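Generate coordinates for the entire structure from the input sequences, incorporating the hints supplied.
For the protein sequence lines, the chains are A and Y, in the order given. Residue numbers for the first sequence follow the numbering used here, beginning at 1 and rising by one. Residue numbers for the second sequence follow the numbering used here, beginning at 547 and rising by one.
Some hints could be false.
[As the list claims (entries may be wrong)] Here are the computed lysine to any residue pairs in the SDA-like style, where the Cα-Cα straight-line distance is at most 25 Å:
| id | chain 1 | residue 1 | chain 2 | residue 2 |
| --- | --- | --- | --- | --- |
| 1 | Y | Lys671 | A | Asp317 |
| 2 | Y | Lys730 | A | Thr64 |
| 3 | Y | Lys596 | A | Ile529 |
| 4 | A | Lys199 | A | Ala297 |
| 5 | A | Lys347 | Y | Gly575 |
| 6 | Y | Lys730 | Y | Val639 |
| 7 | Y | Lys730 | A | Tyr461 |
| 8 | Y | Lys591 | A | Ser537 |
| 9 | Y | Lys730 | A | Gly314 |
| 10 | Y | Lys590 | A | Gln538 |
| 11 | Y | Lys652 | Y | Thr729 |
| 12 | Y | Lys699 | A | Met315 |
| 13 | A | Lys347 | Y | Lys590 |
Just so you know, these hints were derived from the structure itself, not from any lab. Note that the structure is a prediction, hence the values are computed from the model and not measured.
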Amino acid sequence: MSNGTIAIAEKSFYEVSTNKHSGILSWLLTTDHKRIGIMYLVTIAFFFLVGATIGLFMRLELLTPGRTIMGAQTYNTLFTLHGVIMIFLFIIPGLPAIFGNFFLPIQIGARDVAFPRLNLLSYYIYVIGAILVLVSLFIPGGPIDTGWTFYIPYSIRTGTNVSMAIFAAFVLGFSSILTGINFVTTVHRLRAPGMTWFKMPLFVWATYATAWIQIIATPVIGITILLVIIERVFGVGIFDPALGGDPILYQHMFWIYSHPAVYIMILPAMGVVSEIITTFSRRTIFGYVPIAMSSLAIAFVGYLVWAHHMFVSGMSDTATWIFSLLTFIVALPSGVKIFNWVATMYKGSIDPQVPFLWVMNFIFLFSIGGLSGLVLGSLATDVHVTDTYFVVAHFHYVMFGGTGTIFFGAMHYWFPKMFGRMYNKKFATISVITFFIGFNMLYFPKFIMGYMGMPRRYYDYLPKFAPLQEVSTIGSWILVGTIFFITGYLLYALRNGPKASGNPWGGVTLEWHIPSPPPTENFEEIPTITHEPYDFSQLKEMEYDK
Amino acid sequence: MFSGPSAHAGNVDFVMFYIVSISVVLLLGITATMIYFVFKYNRKKGHKPKDIHGNIVLETVWIVIPTILVLSMFYYGYMGFREFRYVPKDAFVIDVVARQWQWQFKYGDGKTTDTLYVPINKQIKLNLESLDVNHSLYIPAFRIKQDVLYGIKNYMMLTPDELGSFDIACAEYCGLDHWQMYTKLVVMPQDKFNEWYNTK
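Set out below in structure tokens:
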């Protein structure tokens, strides 16, 4: 081994620029997957905090019946923006772009992704999309007020900046597609010697399955958006019945993307869960193949359930029952994962540190989310609760209780690796608990209100809903307070946290074999893989914090 | 046990109860097992962890049993839906017209109201039509809703067997005053309804 490679290994990727620039340009023009991951983290976390703050204001308006702090038009705009920002700017790109970028190459023993420049391009396309969303708020016409689903005909008729906002989603789609192509190629081409498919960590499997959905499903939303823009600008009748179009066709096309997109959101989170559970149980995963295959099953069957968003739209009764049946089928692989995760704790050596507590949080909240999905998959009950708060509660339990919780779990798991510092564990433990309390206070009452008949996207409500609305709003204070508290102590730890070792948790996947933060090209020498991904007998030969 | 202002509402509540009961058992089972394992196999106790790679019997069990459970849920859900979609020949027809942001109900004799008056114990077919954007006719107490679209003819069945007044809401976002699209469903005895229906 030459001296040169050792010199690289000693310096972290923060200290070595991969291009001829230094300072800010060494970041903005970087092709290092880790630096790009960090840039995504900063950008996406910013939009997450914006989305959460908007949610806070929506809940504040609903604290009391009648006008509390804003008018109806403002409220309609806010729930649209909350949806657009959280869906397109936070949760779809979130885990793959941040943690996929940073850890997927390391976990398969690669020095970078297959197309590093394309990776940087994806980032800038994301930024352009985000800027378009922001611009659409301030140009004449006013911010979009259609809800994040942009249902036609309303989205054709409203005078607000629909074209600009959905064009932003169109642009963001390309970022997603390019990232997907990059990850698929990386997994196929850049695995280290000995890293066979069934030796890949499950986070890689999950991100790989996600990447395929990104590639295959995203073009559908791109086409749909273009058609809406053509319809708005040129008055061509495609979806608007007044012009001879079909509004139900729009709903089909929208959900053909947006339902698989739900799996783009959740699958990477499921991958992270497998990583965290094994590390803190210090034993191999229970049912590696079923977990990996269930990711693929979800990715595949997930394409065939889109119309369960449309049971009361007036599509044919035959389509309705077929989609109901398929929806129940797609519940099964998620169940398989949950059972295998819990079984992985059996006869382990469990150290319930902060990331593990987030996973326990996840299993509880995501189970509620998944099980409440059964109520929505069943036709008789869906007719009653669709388009009510019940649906709102369901997808917040799945998306926020699932992916959002694991966003924090992954953050706390990989923070020492990414930044070489440890956060305050006492603060972090308190945050898990207050998050849990705030979350359930905010969203659980919505199940009850939904069943009582509270429709969603309502600026105001009947007096009988007042007590539960109040509980929900108080929950939002606890939850958003916790989120800002977490942001605070993590930012503090960046500079002032104690230095973290290369392997603070005793993990065995490849990222724990290299220093924290990792050196520029990750490995001095590309490793040869001989162990299974979760073989903790390796720990004997590794350095780790006992 | 499961009764409502219509037989259908009771049936929907039964399906809900069925699914929620199974879900609660599963949720508590999963959570309790997880918490039990965290204490039982805590690292502080100094167990040597055991690498168990899987168990084909268990994998089969937790695919087959949930499959049976969800198929039964599908069945009950489908049966409830079928009864909701069934249109008898002699149904009493009322046309529902939605626009931003109000409801209108048109009766066979040309009577037009903004409150929905119906006779008790009669099978009523509501023909749904919108004059502008998507709406959704939602009667929470009866556990029913159906989208009301422009240019597409939808319908909804309603068979009330309880007198009284019930909320009607719009459940599909339709713009500025979506939240104000509330009106009432009034269920009357047949003779009172006839009296109302026959007065000009």
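Comparing the hints with the structure gives:
With a C-alpha separation of about 17 Å, the suggested pair Y/Lys671 and A/Asp317 falls inside the 25 Å cut-off, and the hint holds. Proposed proximity of Y/Lys730 and A/Thr64 is supported: the alpha carbons are some 23 Å apart, at most 25 Å. For a cut-off of 25 Å, the pair hint linking Y/Lys596 to A/Ile529 stands: about 22 Å separates their Cα positions. Only pairs whose Cα atoms come within 25 Å are accepted, and A/Lys199 paired with A/Ala297 is accepted, the gap being roughly 19 Å.
About 18 Å separates the Cα atoms of A/Lys347 and Y/Gly575, which keeps this hinted pair within 25 Å; it holds. Simply put, Y/Lys730 and Y/Val639 have alpha-carbon atoms about 18 Å apart, close enough for the 25 Å limit, and the pair holds. Distance hint between Y/Lys730 and A/Tyr461 is fulfilled; the C-alpha atoms sit about 15 Å from each other, no more than 25 Å. A hinted pair counts as satisfied when its Cα atoms are at most 25 Å apart, and Y/Lys591 with A/Ser537 qualifies at roughly 19 Å.
For the suggested pair Y/Lys730 and A/Gly314, the alpha carbons sit about 23 Å apart, so the restraint of at most 25 Å is met. Our distance criterion of 25 Å between C-alpha atoms is met by Y/Lys590 and A/Gln538, whose separation comes to about 21 Å. A hinted pair counts as satisfied when its Cα atoms are at most 25 Å apart, and Y/Lys652 with Y/Thr729 qualifies at roughly 15 Å. For the suggested pair Y/Lys699 and A/Met315, the alpha carbons sit about 11 Å apart, so the restraint of at most 25 Å is met.
A distance of roughly 13 Å separates the Cα atoms of A/Lys347 and Y/Lys590; the hinted pair therefore holds under the 25 Å criterion.
The structure is consistent with each of the numbered hints, conforming to all of them.
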